[in-house]
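Chemist: This is what each chain is made of:
There are 2 protein chains.
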Amino acid sequence: MTRFMDVHHGMQGITAEQLQQGRQAALAVEREVGAHFEHAWADPESGTVYCLTEAASTEVVQQLHERSGGNVPDEIHSVPLSV
Amino acid sequence: MTRFMDVHHGMQGITAEQLQQGRQAALAVEREVGAHFEHAWADPESGTVYCLTEAASTEVVQQLHERSGGNVPDEIHSVPLSV
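Quick note, the sequences are listed as chains W and F, same order. Just so we're aligned: 33 in our numbering is position 33 of the first sequence, and the numbers increase by one with no gaps anywhere. Just so we're aligned: 27 in our numbering is position 27 of the second sequence, and the numbers increase by one with no gaps anywhere.
If we strip away everything but chain W, and leave its shape as in the complex, we get:
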């Protein structure tokens, strides 16, 4: 499993409730797709959302978003290094 940071643009006005719903939806399907959602951070003003996930591949991160009914990320980067 590798850690991935994905980035969503164009989500201006996202609320705490919407972010929480996205988290719940991801947690509900993460075992099915073989991923583990860790965290998400959102900037409602610029419309940017960052999600941190453990998964086997970029494709699995994509699937996690698709199956949880969320917006598909604009960028997905593996982040093998962290401190």
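Calculated from the structure, these hints are not laboratory results. None of these values were measured; they are calculated from a predicted model. We treat Cβ as the ideally placed atom computed from N, Cα and C, and that holds for glycine. Each hint should be verified, as a subset may be incorrect.
What the hints assert, rightly or not - Covered, in the sense of this in silico footprint (three residues per stretch, anywhere, with C-beta under 8 Å from a C-beta of chain F), are these stretches of chain W: (1) 2-15; (2) 53-66.
Unchecked claim - Facing chain F, a subset of chain W residues (Cβ under 10 Å, in silico): (3) LEU19; (4) GLN20; (5) GLY22; (6) VAL29; (7) ARG31; (8) GLU32; (9) VAL33; (10) HIS36; (11) PHE37; (12) HIS39; (13) ALA40; (14) TRP41; (15) ALA42; (16) PRO44; (17) GLU45; (18) SER46.
Since chain W is already given, all that's left is putting chain F on it; use the hints.
Modeler: Same frame as chain W, but now just chain F:
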């Protein structure tokens, strides 16, 4: 204090040691500038580094990077929402 996600581009080949040195440098000056470094994640392949910091403003996040001798981020977004 607000949480900020900043993004660095062009850091291809960054190593675990360099990321760790950046963390140590940030921790050494964070009180002086009034910030708190939380985490950083790096993708050596695309050269992208994400840093999560608590600070009073974008300017303080900028100062934290400048005074710790690190690369100044290309983007700084406040991320008031998190899950």
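Chemist: A separate judgement is required for each hint: does it hold in the structure or not?
Modeler: Do the hints match the structure? See the list:
no., hint, in the structure
1, 2-15, "holds (count 4)"
2, 53-66, "violated (count 0)"
3, LEU19, "holds (5 Å)"
4, GLN20, "holds (6 Å)"
5, GLY22, "holds (8 Å)"
6, VAL29, "violated (16 Å)"
7, ARG31, "violated (18 Å)"
8, GLU32, "violated (20 Å)"
9, VAL33, "violated (19 Å)"
10, HIS36, "violated (14 Å)"
11, PHE37, "holds (9 Å)"
12, HIS39, "holds (7 Å)"
13, ALA40, "holds (5 Å)"
14, TRP41, "holds (4 Å)"
15, ALA42, "holds (4 Å)"
16, PRO44, "holds (7 Å)"
17, GLU45, "holds (7 Å)"
18, SER46, "holds (6 Å)"
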